[in-house]
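J.: For reference, the chains in residue letters:
Number of protein chains: 2
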Amino acid sequence: MERNDADIGHGQEGSDQDVLEPLDEEEGAYALTRKTVAAILFAVDTDDREQLVELMEPLHAADIADLLEQINAFDRRRLVRLYDKEFDGEILSELDESIREEVIMLLSPDVLSDAVREMDSDDVVDFVEYLEEPQQEAILDALEDSDRVAVQQALTYPEESAGRLMQREVVAVPDMWTVGQAIDFMRQREDLPEQFYHVILVDPRMKPIAHATLGKLMASPRETLLADITEPGFRTIPASQDEGDVAYAFNQYHLISAPVVDENDRLVGVITIDDAMIVLDEEHEEDILRLAGVGEGSLNDRVTETLKQRMPWLAVNLGTAIIASLVISLFEGTISQFVALAVLMPIVASMGGNAGTQSLTVAVRAIATKDLTGSNVWRVIRREALVGLANGTAFAVVMGVIGLVWFGDGRLGLVIAAAMIINMVIAGLAGTMIPVVLEKLKVDPALASGTFVTTVTDVVGFFAFLGLAALVLL
Amino acid sequence: MERNDADIGHGQEGSDQDVLEPLDEEEGAYALTRKTVAAILFAVDTDDREQLVELMEPLHAADIADLLEQINAFDRRRLVRLYDKEFDGEILSELDESIREEVIMLLSPDVLSDAVREMDSDDVVDFVEYLEEPQQEAILDALEDSDRVAVQQALTYPEESAGRLMQREVVAVPDMWTVGQAIDFMRQREDLPEQFYHVILVDPRMKPIAHATLGKLMASPRETLLADITEPGFRTIPASQDEGDVAYAFNQYHLISAPVVDENDRLVGVITIDDAMIVLDEEHEEDILRLAGVGEGSLNDRVTETLKQRMPWLAVNLGTAIIASLVISLFEGTISQFVALAVLMPIVASMGGNAGTQSLTVAVRAIATKDLTGSNVWRVIRREALVGLANGTAFAVVMGVIGLVWFGDGRLGLVIAAAMIINMVIAGLAGTMIPVVLEKLKVDPALASGTFVTTVTDVVGFFAFLGLAALVLL
Numbered sequence: 001m002e003r004n005d006a007d008i009g010h011g012q013e014g015s016d017q018d019v020l021e022p023l024d025e026e027e028g029a030y031a032l033t034r035k036t037v038a039a040i041l042f043a044v045d046t047d048d049r050e051q052l053v054e055l056m057e058p059l060h061a062a063d064i065a066d067l068l069e070q071i072n073a074f075d076r077r078r079l080v081r082l083y084d085k086e087f088d089g090e091i092l093s094e095l096d097e098s099i100r101e102e103v104i105m106l107l108s109p110d111v112l113s114d115a116v117r118e119m120d121s122d123d124v125v126d127f128v129e130y131l132e133e134p135q136q137e138a139i140l141d142a143l144e145d146s147d148r149v150a151v152q153q154a155l156t157y158p159e160e161s162a163g164r165l166m167q168r169e170v171v172a173v174p175d176m177w178t179v180g181q182a183i184d185f186m187r188q189r190e191d192l193p194e195q196f197y198h199v200i201l202v203d204p205r206m207k208p209i210a211h212a213t214l215g216k217l218m219a220s221p222r223e224t225l226l227a228d229i230t231e232p233g234f235r236t237i238p239a240s241q242d243e244g245d246v247a248y249a250f251n252q253y254h255l256i257s258a259p260v261v262d263e264n265d266r267l268v269g270v271i272t273i274d275d276a277m278i279v280l281d282e283e284h285e286e287d288i289l290r291l292a293g294v295g296e297g298s299l300n301d302r303v304t305e306t307l308k309q310r311m312p313w314l315a316v317n318l319g320t321a322i323i324a325s326l327v328i329s330l331f332e333g334t335i336s337q338f339v340a341l342a343v344l345m346p347i348v349a350s351m352g353g354n355a356g357t358q359s360l361t362v363a364v365r366a367i368a369t370k371d372l373t374g375s376n377v378w379r380v381i382r383r384e385a386l387v388g389l390a391n392g393t394a395f396a397v398v399m400g401v402i403g404l405v406w407f408g409d410g411r412l413g414l415v416i417a418a419a420m421i422i423n424m425v426i427a428g429l430a431g432t433m434i435p436v437v438l439e440k441l442k443v444d445p446a447l448a449s450g451t452f453v454t455t456v457t458d459v460v461g462f463f464a465f466l467g468l469a470a471l472v473l474l
Numbered sequence: 001m002e003r004n005d006a007d008i009g010h011g012q013e014g015s016d017q018d019v020l021e022p023l024d025e026e027e028g029a030y031a032l033t034r035k036t037v038a039a040i041l042f043a044v045d046t047d048d049r050e051q052l053v054e055l056m057e058p059l060h061a062a063d064i065a066d067l068l069e070q071i072n073a074f075d076r077r078r079l080v081r082l083y084d085k086e087f088d089g090e091i092l093s094e095l096d097e098s099i100r101e102e103v104i105m106l107l108s109p110d111v112l113s114d115a116v117r118e119m120d121s122d123d124v125v126d127f128v129e130y131l132e133e134p135q136q137e138a139i140l141d142a143l144e145d146s147d148r149v150a151v152q153q154a155l156t157y158p159e160e161s162a163g164r165l166m167q168r169e170v171v172a173v174p175d176m177w178t179v180g181q182a183i184d185f186m187r188q189r190e191d192l193p194e195q196f197y198h199v200i201l202v203d204p205r206m207k208p209i210a211h212a213t214l215g216k217l218m219a220s221p222r223e224t225l226l227a228d229i230t231e232p233g234f235r236t237i238p239a240s241q242d243e244g245d246v247a248y249a250f251n252q253y254h255l256i257s258a259p260v261v262d263e264n265d266r267l268v269g270v271i272t273i274d275d276a277m278i279v280l281d282e283e284h285e286e287d288i289l290r291l292a293g294v295g296e297g298s299l300n301d302r303v304t305e306t307l308k309q310r311m312p313w314l315a316v317n318l319g320t321a322i323i324a325s326l327v328i329s330l331f332e333g334t335i336s337q338f339v340a341l342a343v344l345m346p347i348v349a350s351m352g353g354n355a356g357t358q359s360l361t362v363a364v365r366a367i368a369t370k371d372l373t374g375s376n377v378w379r380v381i382r383r384e385a386l387v388g389l390a391n392g393t394a395f396a397v398v399m400g401v402i403g404l405v406w407f408g409d410g411r412l413g414l415v416i417a418a419a420m421i422i423n424m425v426i427a428g429l430a431g432t433m434i435p436v437v438l439e440k441l442k443v444d445p446a447l448a449s450g451t452f453v454t455t456v457t458d459v460v461g462f463f464a465f466l467g468l469a470a471l472v473l474l
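Residue numbers (UniProt numbering), protein chains in the order written: chain B, 1 to 474; chain Y, 1 to 474.
Derived by calculation from the structure, the hints in this document are not laboratory data.
There may be inaccurate statements among the hints.
Since the list gives no way to pick one copy over another, a pair counts as held whenever it fits inside one copy or between any two copies.
Below, simulated EDC-like cross-link-like pairs (lysine to aspartate or glutamate); rule was C-alpha separation at most 16 Å, straight line [unchecked claim]:
no.	residue 1	residue 2
1	K370	E69
2	K442	E231
3	K370	E439
Next up, chain B with everything else stripped away, as it sits in the complex (with noise of 0.2 Å):
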């Protein structure tokens, strides 16, 4: 999508830019403006193609992609229908997985194979991996065969992996060339790749040894060895490597390109800092996700797509709920005598859960960062333990007070203020233990822990507190 350079950005010149208008009051910065989108949903609706067209000029494809995501399928329908010939490939790579089948079936063939024609073919390979096989093998069709072929080759590489998200283009000159050959060789070459950052130095072997960046090239005389300006910090990538990895690499050492080589280390391709923050993006997405019990949830997806995401994890928690309610069942006598332990009950389970739940939140993401090792877990548990003590302990003394004024009974305030202290530190113990253990065994401790912890607490909970109780009072 080509535009204007000159305004975008700015945004002072005519109405028309609002859209892109940095500092928009009414929704935050960047985002779709609602007098847009009904602007546009009117053009749709009086089927007016040619004021559809000129709304949609100034948008970028990413916001004409998250502009089809928000509004429904019958408007989305009949919106790409008198787009049509616009649609082109860069908003079918920015929309979500969710509507991007659908958007698929409503373009013409032609439109499809012109807008996939465009796409550099990392694009494609990242649009068409989770396509279903027909689809997949229309959208191959209309590729030109040298894409396609780099298309199918990506292809072999496992999902999610290094392979699969570089591009093959590079620039890669013998490490024993000068600043002078390799700029002259660049200016000759008539495919440089889209963007590049470094010039890659490689072995007789096609085997990468350093990388230098374009602007040093710019600052240093001809004659000077290409060796002599590489950058420190030089890494390279397994092209089977898991994207997860790369993008914690990326993040780690400040990467902005690197190369991918495959087993015998030769140069297959090249990564990039932005292809790495969309991964990082998505990594953590996924994690929020999963910490919630929400697999792989989207706005856009269908009603009974949620509900087969959200329900299994619904199911394991009334598992453990039941559970729970076990442990209070072995204690009906006690409460049937005393109703009061009905009611104070879940304070005790529910601070031990959410105490449980920071702790264990800690854990998971110091875990992802590897900040948590072998070499400070004893010390990071104990540390938990000692807070989860110190917070037990100054809760206790309030709900102690609570139970004693509430129900004029001091017992019952013993009774609670011991069970919370154990609670909390028991809390600390398995938020941290729980996704430690997972990750041993090699379960993403994001998806499973919480489920664990807040067994654990409202297990323990039920059972000092109504333990006790049945102890202390009867």
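On the provided structure of chain B, position chain Y as indicated by the hints.
T.: Just chain Y now, with coordinates in the frame of chain B:
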């Protein structure tokens, strides 16, 4: 930290290199191995400076920072003192805030001022902005005059703004220049920035108009006008913009670098994607911790720090748990007649709480990524209520049967089934509407939604279950 580029990242040549071995089986990719940490601590124990320096040499500054964060305060003090003159500015920049001040105090003034002088000015800003006044001044005094002025100027921008994030070194040329003129200009300039990817075209008033990548410059004949090879999607960033919005723009529009402008649209600096990536990472981290009711937790905080962060959230939770208890206490009479109610009531509350957390997490993320807007909020709310109704009905059937079988009372089964449906629908509604309303009120929905939503599901759950029971069973 300079090192032999050729070896890093391959790690086949010698045993010293295995620290960086990308596919370390023991603790996952790229982490410090436990063996290395043990060897380093042994060198510290034996006061063997030579061995320590040798072991630390292959480590990236980010890894050394991680190491310092993972060991205990006693070892940290000995290690920093022994490492002494080798300690450089890059390690300081990488250190977590929680132990930064501690480490600064350990360094001798000479080592500290050498370290700070090595740092880029934007790293110094990031480093000093949260230090106490006297330490901040000590560090500013160590800088050369020009750097000090640059840092002090950056500190005049608001905290967490684009002005603090940007680097001040830019490469800008008049907008009517040719490729040849730009290349000659860069080759003559002595102080090109360490990292830059674009040449910025400015008008005579220093307003950025467009930018061209270094790659395109390399690929174009000398006489080409820069204006003809500029990148689409150019946008500038106001210096006062919040860094979270900056990161959003980089992620949404796949920016690599973007010029920063003052209130008169004049160029004052540039932000690059690696800075934006760090901010994106921090914002995500913050969201995850806030959703779990942990302020700004880190594993390295002292116990007292951690207590200060977590206690307020537990206190709020205690308040809401007491409200739920008050609801239960309304039905003490009913419970004393049917103790089964006390056994089953946590199940209704727990299922509602979990369903509500699922809805709210999806909503909070959608708000953060600007996917939940005025255009689709009602559709999303309706959808979540529908999901709640469907899930509620499914689990109502299960619990109805369990109630009947466990307690042999069909009416109890009916009561718990009805309460389950009511609470799950409310969970879907509250989980979506509460974050939306908080956002409208300019309260961070990640921070406060959880408490409100679980309060609603607890109160509604207990009230619906016990209230229906009172009506039906008595």
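J.: Determine for every hint whether it applies to the structure shown.
T.: Cross-check of the supplied hints:
| no. | hint | result |
| --- | --- | --- |
| 1 | K370 / E69 | between (35 Å within a copy, 11 Å between copies) |
| 2 | K442 / E231 | neither (36 Å within a copy, 44 Å between copies) |
| 3 | K370 / E439 | within (11 Å within a copy, 33 Å between copies) |
The structure does not agree with numbered hint 2 stated previously, though it agrees with all others.
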